[in-house]
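Make a model of the complete structure from these sequences and hints.
Taken in sequence, the protein lines are chains F and V. Start counting the first sequence at 1; every next residue gets the next number (my numbering). Start counting the second sequence at 1001; every next residue gets the next number (my numbering).
Rather than coming from a laboratory, the hints here were simulated on the basis of the structure. A couple of the hints might just be wrong.
[Unchecked claim] Here are the simulated DSS-like cross-link-like pairs (lysine-lysine), alpha carbons at most 30 Å apart as the crow flies: (1) V/K1079 - V/K1069; (2) V/K1059 - V/K1042; (3) V/K1042 - F/K11; (4) F/K57 - F/K71; (5) V/K1079 - V/K1108; (6) V/K1068 - V/K1057; (7) V/K1068 - F/K57; (8) V/K1059 - V/K1079; (9) F/K71 - F/K11; (10) F/K57 - F/K14; (11) F/K57 - V/K1069; (12) V/K1079 - V/K1042; (13) F/K71 - V/K1042; (14) V/K1057 - V/K1108; (15) V/K1057 - V/K1069; (16) V/K1042 - F/K57; (17) V/K1042 - F/K14.
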Amino acid sequence: DTGVSQNPRHKITKRGQNVTFRCDPISEHNRLYWYRQTLGQGPEFLTYFQNEAQLEKSRLLSDRFSAERPKGSFSTLEIQRTEQGDSAMYLCASSSTGGETQYFGPGTRLLVL
Amino acid sequence: EDQVTQSPEALRLQEGESSSLNCSYTVSGLRGLFWYRQDPGKGPEFLFTLYSAGEEKEKERLKATLTKKESFLHITAPKPEDSATYLCAVQAGNNDMRFGAGTRLTVKP
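Structure representation (structure tokens):
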């Protein structure tokens, strides 16, 4: 399968714990995006990488959130001191340089108790 | 600020009953308008990209059209397997996409 992959697919955690999600983009894509989606809403942009450089961050990305893409391949999204309001589906997408179309992974569903 | 509004929120059709979904947008410098299909618990699946007013694209029972202010997703003779949420998104001068809330389509056999 050469699509975008995300792990884990599901995560249940207690409030105050830290969680980390991983995204592996389509291999030839050098752009990678993170989105958050809550029930009944469309995805909301969080952040964007071109290769290893983080070029854009949404104001939704509070200081408890950090994303990395250390070698320009896979990316991680960490949430520190989770809150119940962080419960959502976290989606990763990738695209090629000059290609506007973004291809999404299956998402990681987070539930904070 | 870029805005995307989809209507209706939900649509129930009988199998074979054709209809259209609407996506109205306000954006400065449209780079692309995108349609995705999303099944429950899964990530959005890419359908179409439209770049300029007057453009049309088709795939099986789906046809997407674009004007300067809105896009339509026409579904011809839908089948139960077309049941899903259909998302519209726009991309402007930056690289992120702004999504609408989606239209939940249910096709009854």
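Structure-based check of all given hints:
Among the hinted pairs, V/K1079 with V/K1069 is consistent with the structure: their alpha-carbon atoms are about 29 Å apart, no more than 30 Å. Of the supplied pair hints, the one linking V/K1059 and V/K1042 holds, its CA atoms being roughly 21 Å apart against a limit of 30 Å. Between V/K1042 and F/K11 the alpha-carbon distance is near 15 Å, which keeps this suggested pair within the 30 Å criterion. Simply put, F/K57 and F/K71 have alpha-carbon atoms about 19 Å apart, close enough for the 30 Å limit, and the pair holds.
Pair hint V/K1079 plus V/K1108 holds up; C-alpha atoms about 8 Å apart against a cutoff of 30 Å. With a CA separation close to 16 Å, the supplied pair V/K1068 and V/K1057 stays within the 30 Å bound. For a cut-off of 30 Å, the pair hint linking V/K1068 to F/K57 stands: about 28 Å separates their Cα positions. For the suggested pair V/K1059 and V/K1079, the alpha carbons sit about 14 Å apart, so the restraint of at most 30 Å is met.
Using a Cα cut-off of 30 Å, the hinted pair F/K71 and F/K11 holds, with the two alpha carbons roughly 25 Å apart. A hinted pair counts as satisfied when its Cα atoms are at most 30 Å apart, and F/K57 with F/K14 qualifies at roughly 26 Å. This hinted pair checks out: F/K57 and V/K1069 have alpha carbons roughly 27 Å apart, not beyond 30 Å. A threshold of 30 Å between alpha carbons decides the hint, and for V/K1079 with V/K1042 the separation of about 20 Å falls inside it, so the pair holds.
As the CA atoms of F/K71 and V/K1042 are separated by approximately 27 Å, the hinted pair is consistent with the 30 Å bound. Under the criterion of a C-alpha separation no larger than 30 Å, the hint pairing V/K1057 with V/K1108 is consistent with the structure, at around 26 Å. Distance restraint check for V/K1057 and V/K1069: the Cα-Cα separation of roughly 17 Å lies within the 30 Å cut-off, and the hinted pair is therefore satisfied. Distance check on the hinted pair: V/K1042 and F/K57 sit about 24 Å apart at the alpha-carbon level, within 30 Å; holds.
Annotation: proposed proximity of V/K1042 to F/K14 holds, straight-line Cα distance about 24 Å (limit 30 Å).
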